[in-house]
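Residue numbers (our numbering), protein chains in the order written: chain F, 1 to 157; chain Z, 1 to 428.
No lab work stands behind these hints, which were simulated from the structure alone.
Please note: incorrect hints may appear among the correct ones.
[Unchecked claim] Pairwise CB distance ranges (calculated):
hint, chain 1, residue 1, chain 2, residue 2, range
1, Z, 210, F, 3, 46 to 52 Å
2, Z, 99, F, 12, 36 to 42 Å
3, Z, 316, F, 80, 44 to 50 Å
4, F, 107, Z, 197, 36 to 42 Å
5, Z, 289, F, 12, 37 to 43 Å
6, Z, 315, F, 126, 38 to 44 Å
7, F, 69, Z, 380, 39 to 45 Å
8, Z, 328, F, 76, 43 to 49 Å
9, F, 23, Z, 283, 49 to 55 Å
[To be verified] Residues on chain F that point at chain Z, a partial pick, calculated with CB under 10 Å:
hint, residue
10, 6
11, 10
12, 45
13, 86
14, 108
15, 134
16, 139
Remember, predicted model here, so these are calculated numbers, not experimental data.
Beta carbons: idealized from backbone N, C-alpha and C, even for Gly.
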Amino acid sequence: MITQSMRATSAAESRFRIAQPNSKGRKTLVLALGKQALTPLAELQQLSWNNTAMGLYTAGHLELYNGQDAHQVVLDDALDQLDVVVLLITSDSDIEAIETIGEACSRRRIMTSGYVLGQPDDTDINPVLACTRRVTVSLVTDTDTDTLIESLRALRA
Amino acid sequence: MLRTEVNELLTQTGPGTPMGDLFRRYWLPALLAEELPEDDCPPVRVKLLSERMIAFRDSNGRYGLMDEFCAHRGVSLWFGRNEEGGLRCPYHGWKYDVDGNCIDVPSEPAESGFCEKIKLQAYPLIKVGDILWTYMGPKDLQPAPPEYEFAVVPAEQTYTSKRFQESNWLQAMEGGIDSSHVSFLHSGNLNTDPLFKGAKGNQYNLADKMPFFEVAKHNSGLWVGARRNAENEQYYWRITPWIMPCFTMVPPRGDHPVHGHFWIPIDDENCWAWSFDYHPNRALSAAEREAMEAGKGIHCEYVPGTYIPKANKTNDYLIDRQAQKEGRTYSGVEGIAIQDSSLQESMGPIIDRTRENLVSTDNGIIMARQMLRKAAIALRDKDQQPPGVQPEDHKVRSVSVVLPRDQAFETACAEDLKARRGVPHTSV
Numbered sequence: 001m002i003t004q005s006m007r008a009t010s011a012a013e014s015r016f017r018i019a020q021p022n023s024k025g026r027k028t029l030v031l032a033l034g035k036q037a038l039t040p041l042a043e044l045q046q047l048s049w050n051n052t053a054m055g056l057y058t059a060g061h062l063e064l065y066n067g068q069d070a071h072q073v074v075l076d077d078a079l080d081q082l083d084v085v086v087l088l089i090t091s092d093s094d095i096e097a098i099e100t101i102g103e104a105c106s107r108r109r110i111m112t113s114g115y116v117l118g119q120p121d122d123t124d125i126n127p128v129l130a131c132t133r134r135v136t137v138s139l140v141t142d143t144d145t146d147t148l149i150e151s152l153r154a155l156r157a
Numbered sequence: 001m002l003r004t005e006v007n008e009l010l011t012q013t014g015p016g017t018p019m020g021d022l023f024r025r026y027w028l029p030a031l032l033a034e035e036l037p038e039d040d041c042p043p044v045r046v047k048l049l050s051e052r053m054i055a056f057r058d059s060n061g062r063y064g065l066m067d068e069f070c071a072h073r074g075v076s077l078w079f080g081r082n083e084e085g086g087l088r089c090p091y092h093g094w095k096y097d098v099d100g101n102c103i104d105v106p107s108e109p110a111e112s113g114f115c116e117k118i119k120l121q122a123y124p125l126i127k128v129g130d131i132l133w134t135y136m137g138p139k140d141l142q143p144a145p146p147e148y149e150f151a152v153v154p155a156e157q158t159y160t161s162k163r164f165q166e167s168n169w170l171q172a173m174e175g176g177i178d179s180s181h182v183s184f185l186h187s188g189n190l191n192t193d194p195l196f197k198g199a200k201g202n203q204y205n206l207a208d209k210m211p212f213f214e215v216a217k218h219n220s221g222l223w224v225g226a227r228r229n230a231e232n233e234q235y236y237w238r239i240t241p242w243i244m245p246c247f248t249m250v251p252p253r254g255d256h257p258v259h260g261h262f263w264i265p266i267d268d269e270n271c272w273a274w275s276f277d278y279h280p281n282r283a284l285s286a287a288e289r290e291a292m293e294a295g296k297g298i299h300c301e302y303v304p305g306t307y308i309p310k311a312n313k314t315n316d317y318l319i320d321r322q323a324q325k326e327g328r329t330y331s332g333v334e335g336i337a338i339q340d341s342s343l344q345e346s347m348g349p350i351i352d353r354t355r356e357n358l359v360s361t362d363n364g365i366i367m368a369r370q371m372l373r374k375a376a377i378a379l380r381d382k383d384q385q386p387p388g389v390q391p392e393d394h395k396v397r398s399v400s401v402v403l404p405r406d407q408a409f410e411t412a413c414a415e416d417l418k419a420r421r422g423v424p425h426t427s428v
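Please work from the sequences and hints to get the whole structure.
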C-alpha cells in the first residue's frame with residue numbers, strides 16, 4: 001500500500017504547490033551605529049532592495065538616507081510598522097545608541113539582528129559587542145559586507 | 001529565500017557541476033568498514049555524487065572502489081566473483097584489480113595486451129576509524145587522509161552509523177546547523193533518551209525556547225553559537241562547528257559521548273546521513289554502545305539487512321498522534337534521527353528555497369550557503385582549492401558551556417573548540 005508520505009514526497013508530487021506568495025512584504029531598516037559603518041552602508045545603498053530603508057543613528061539623532069539626501073526622523077516614527085531592524089556595528093558604535101534602539105525594538109517585538117564588521121578579538125569592539133548581544137536575537141561577525149548582503153537578501157529585504 | 005539558480009547550484013552534485021566538483025576535493029565517507037568485513041567478501045554497490053560504483057576488498061585486504069559496470073558488456077560487477085586478487089565479471093570472466101585495471105580477459109591471448117587497454121574509473125578507498133573514505137577528485141590534489149577526532153580516537157571510544165535519507169543533501173545538512181529546532185522537535189527526547197538525559201544543559205534548552213544566535217566564520221567553516229539564559233546572570237552556550245562542505249558536530253551534553261554528522265549526496269534526491277558518537281577520553285560504556293546499536297540518540301533502527309530506517313515514508317514514519325497529543329514526542333515521530341528525516345523528506349526531494357521565509361536566527365544556514373556558493377564558484381572560475389580540505393581543518397570540537405554574560409564564546413572557548421587528544425570535551 002502506498003502511504004501518504006510516499007505519495008506526497010515524490011518528485012512528481014512536489015510540482016503541485018500553490019503558486020501564491022506565502023508571506024507579505026517585510027519592512028526593513030538597516031542602521032549604521034557609528035561613522036565607520038557609513039562606508040558599508042553606502043555599499044548597500046548601491047543595490048536594489050524591497051521596502052528597505054537605511055540610515056545612521058548616533059547621539060540620539062536618526063538620519064534616514066534617500067540616495068544622496070538625508071533627512072532627520074524621530075526614532076519612534078521610524079520604527080513603527082517595521083518588521084526587521086539590522087544594526088551595523090563597528091568599533092566606534094555608540095553603546096547608548098545600541099541600547100536605545102535595542103530596547104525600542106524589543107518593546108515593539110521587532111526582529112533585531114546585529115552585524116559586526118570587524119574581528120571578534122578586536123579589543124576596541126568588545127564592549128560594543130557585549131552590548132549588542134544583549135539587545136539582538138542574532139549576531140554575525142564578519143570582516144566584509146558579503147555576508148550582510150547575503151543575509152538581507154535571504155530575509156527578503 | 002534563495003534564487004532558483006543558486007538553489008540549483010548548491011543542490012546539484014553530479015559530475016561536472018560546480019558543487020559536484022567541490023565535493024570531489026574532499027575525502028568523503030563512502031561505506032562503513034563493516035560492509036566489507038573480510039578479504040574476498042561480497043562486493044557492495046555504492047552510489048555517491050550521482051556515480052554508481054562497486055566497492056570490494058580483495059584477497060590481500062586492499063580496498064577498491066570503481067565503476068560498477070564491466071567494460072565489456074556493461075554488466076553490474078555486484079554479481080562479480082571476488083577472488084584471487086580481483087573482482088571477476090561472471091558474464092565472460094573479465095577481471096579487475098582494486099585500481100580498476102583489467103587484469104584478465106580469458107577470451108583473448110594474454111600476450112595480445114588487450115587487457116592493458118581496459119581500465120575502469122577507480123577511486124582510492126581507505127579505512128580511517130569505522131569508515132571507508134574515498135576521494136573522487138583530481139589525483140594530484142588528493143589531500144592527506146581525514147583527521148576528524150571521532151575517526152582517530154581508539155576504536156573503543158567511537159561508534160558510527162549511517163542511514164539512507166530520501167532528500168537532497170543540503171536540506172538534511174541545514175538541519176544540523178539549525179540548533180533552534182532542538183527545543184521543539186526533539187524536546188521529548190532530551191529527558192528520556194539514554195544518550196541525552198541527565199545533562200544540566202537540557203534544563204537550559206527546555207526552559208528557553210528563544211535562543212540568541214551568534215555566527216562567526218573560521219578558516220574552514222562556521223561556529224554557530226546558540227545562547228540561552230542560565231542562572232546567576234550567565235548564559236548557556238551551545239556551539240556547533242560546521243566544516244565545509246557537510247560536517248557538523250552537535251554540542252555535547254554532560255559526560256555523554258559527543259555526536260555529529262556528515263551528509264553525503266548519493267544523487268540529487270537522496271543522501272547518506274552519517275552519524276557518529278565518540279568520547280574523547282574514555283571508552284564508550286557497554287550501555288552506551290548498546291543504546292547506539294539499538295538506534296537511540298542520533299542513530300536509528302533499520303529495516304533488517306539494510307541501512308534504511310525502520311520508520312520511513314513507506315509506513316508514514318510510524319507517526320503516533322496520541323504521543324504527539326500527550327507531548328511524549330513533539331511531532332508524533334519517535335527518535336531524534338527519524339524526527340529529522342521525516343520532516344526533511346516531507347519538504348520533497350529538493351526543497352524550493354525561493355518560497356522559504358528565513359528569520360535572523362537562520363543566519364548559520366544563510367552563511368553556510370554563502371560559503372558553499374562562493375567556494376564552488378571560486379573553484380569553477382579560478383580553480384581555487386576550497387576550505388576544509390586539509391586534515392588540520394578537521395580538528396574541531398563542539399562545546400556546551402556556561403559563560404559570564406560579557407564573554408564572547410569565540411575568545412572564551414578558543415581552546416575548547418579545538419580537538420585535543422585525550423583532553424575531555426567542554427560540556428554542561
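* Provide an ascending list of the numbers of those earlier hints which the structure does not satisfy. => The structure breaks hints 1, 6, 12 and 14; every other hint is satisfied.
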